[in-house]
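A.B. asks: What follows is the residue order along each chain.
Number of protein chains: 2
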Amino acid sequence: MSLPLTKEQIHSAIATMGQQARQAAYGLAALSADQKNDILSAMARELRAETETIVAANALDLHQAREKGLSSAMIDRLRLDASRVEAMASGIDQVARLHDPCGEILSEVKRPNGMLIRQVRVPIGVIGIIYESRPNVTSDAAILCLKSGNATILRGGSEAIHSNRAIAVALQKGGESAGLPANAIQLVPFTDRESVVALAQMDRYLDLIIPRGGKGLIETVVSLARMPVIKHYDGICHTYIDSSANLEMAIRISVNAKTQKPGVCNAMETLLVHEHVAHAFLPQLAFALREKNVELRGCERTREILTDIIPASEEDWGTEYLDLILSMKVVNSTEDAIAHINHFGSHHSDCIITDDDNAAKYFLTHVDSACVFHNVSTRLADGEEFGFGAEIGISTDKIHARGPMALRELTTYQYRITGDGVIK
Amino acid sequence: MSLPLTKEQIHSAIATMGQQARQAAYGLAALSADQKNDILSAMARELRAETETIVAANALDLHQAREKGLSSAMIDRLRLDASRVEAMASGIDQVARLHDPCGEILSEVKRPNGMLIRQVRVPIGVIGIIYESRPNVTSDAAILCLKSGNATILRGGSEAIHSNRAIAVALQKGGESAGLPANAIQLVPFTDRESVVALAQMDRYLDLIIPRGGKGLIETVVSLARMPVIKHYDGICHTYIDSSANLEMAIRISVNAKTQKPGVCNAMETLLVHEHVAHAFLPQLAFALREKNVELRGCERTREILTDIIPASEEDWGTEYLDLILSMKVVNSTEDAIAHINHFGSHHSDCIITDDDNAAKYFLTHVDSACVFHNVSTRLADGEEFGFGAEIGISTDKIHARGPMALRELTTYQYRITGDGVIK
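Protein sequence lines correspond, in order, to chains A and H.
The first sequence begins at 45 in the numbering used here and counts up one residue at a time.
The second sequence begins at 45 in the numbering used here and counts up one residue at a time.
Okay, chain A solo, but in the shape it has when bound (with noise of 0.2 Å):
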């Protein structure tokens, strides 16, 4: 497909992928949890065995991205290798070995009229991935759905398209070496914005639509969408540092939530300190973050007591950094902490330290986040730590997945309903 294609020709081309696809999803939410396990060992397998076909077709990808003179980070975000195949591979061996939530009983009542009602879990259906990033993103997304029941059509970036395909075809082939339906796992062989747009409008054939990537790429895709969108938006983390704080352990919780990995979405962006505790902390705070490389910048009220750092503007409250910079603001009670939060935060996962159960009470019924911590970092809001094994992002939506979205968050339910002639 190397010739450009039409308007027409990529939504016809899209559509006989949806129409596909949905045959595939009937097929699999068919399949049991035992089958499903096969499917992923088999695909397992073929990742491996495929090695050295997907680092040759990455190493085009290479080349391409080196002729664009694309950044080295980019360019080693792209790069796959034998041991990065590897990583893959035992990544669906993982997901095979976690629990499988379809069929799961939700509720279930008898009515006086003698219908039994079953609420059980099921698969979604159709899922649409939309992603940027690195080519293992085709495998770990792909993955999650399939474990669940679901049938993808992932559309990847074009700076990955070769490794992306090689991927895309390994897990179909080895599936299908052990019983998954054809076209399960379909990837969108060409990446101009137009299959984006008709990925978008076709919600006949797709259920849900998970846009994997920065901001600008999920903000296109909610404003072409006609189908539910999952969005991962930004985490615009804070900390909470209360007059009841354990001192020693908000110095510790902090600098764990700022620096132990600032590039990711749960990492401590702003700091709030109660007025009573402001003195005695942030002196310390700062020693202690200086020593890792952290850049500050505070309110007013913080540079009277910090008085070498850069003021933090209006904007910084509301910035993202994924860096090794901090906003700190002091403010005078729980409450004014919680209207921060809530006003400029992004509702992603939000920290009190405080050895006042209250104040910790008020503080997790009344910050209007995915994750409320107490006395935890914000860094432990993960799939992983929340122990659901493997996750396909934290979603900042309330509606259907909030938080750490995994398995269960990629399933729906059926009422099942059962009587002898029940009639109205």
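These aren't lab readings, by the way, just hints derived from the structure by calculation.
Heads up, none of these hints are tricks.
Copies of one chain are not kept apart here, so a pair can be met inside one copy or by any two copies together.
Dumping the calculated DSBU-like pairs for lysine-lysine here, alpha-carbon to alpha-carbon at most 35 Å:
| # | residue 1 | residue 2 |
| --- | --- | --- |
| 1 | Lys259 | Lys51 |
| 2 | Lys336 | Lys259 |
| 3 | Lys217 | Lys405 |
| 4 | Lys336 | Lys305 |
| 5 | Lys112 | Lys217 |
| 6 | Lys154 | Lys405 |
| 7 | Lys154 | Lys259 |
| 8 | Lys405 | Lys259 |
| 9 | Lys112 | Lys305 |
| 10 | Lys468 | Lys405 |
These numbers were taken from a predicted model, which means no experiment stands behind them.
Start from chain A and add chain H according to the hints.
C.D. replies: Relative to chain A, chain H alone:
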């Protein structure tokens, strides 16, 4: 607001309502079940006290409707009298008696590092209801949202604007006398189409939109909305008579599903019958349905048995008649019946009549619909019949809410995590 508003004025007014609703939502989320029930009782009282005002406002709408030449059926739907106001008020009293789902612990796990993770049911936040139907939706929808802790922005149609305003004012006023936060229930005071655009774009303040009305309205909202939309589309419901059906029960259920209330979404629109029982079943069915004045349409094989009926076209299979019309088709197998339902149906409610448990199990696990029934009329697909007390509609979506959508489906969850200095 009788002067025409500019686009900017509308967007600005809606944005202000959004901000106010968000503040109200924080207040609502902090209310206890008892506080919310007191508020609901006060609302019901105020609605009763304002009966005359509401009926007088309704008279303005009725006058306008007659001037516009609306049909008598539409005018009847619009009409409010003392007994219809009383029905709204007693609906509120009923909702007050329902269990409040907020605060339920959905899961609880202690991790090896000491983190205690509680998944707690919480309100969604701010819900937009866009509707065009009867003025009682103003009360019914707002009340269910309020009981589940959500603020609402209501945008009704122009034909009922005076009635809607009077009802919304009474609800908010009555509620405030018992502690309802300001602006918890807001009605958009103008009915320009641009107000729908403004609401649909306001993803910062609206967490969810529920359109209540015809397909055209839903399509419009879906194409405009940046936030999740839960859709209550058509019910193209099927009853499949298996080769092992008890034919007496099959007649009883089919007649009930078609004729007990033909104008609703869970009424049967298409009947499928296995070829082995078609000759025995169809003449009996035709006799029973003709007694109820049902118009019959059939596939070619049906018409070999019922020679005097009109043919069903391809279009019939995808039509929600909402009327005393039935399309019928003879199929070769349960698989064929399922394929027809999954292709032509609306994934709402479908039924198999059979005494063969294997056929029933196969049908229930392969039909991709919100509610699948065995030996039960599709008319039972209903929140009250399911024991939910009251429903806001029947979702034909798969994301977040599927099937009868009641209080539980108007909530989301939050992870509340406590620990003793846990870091990563």
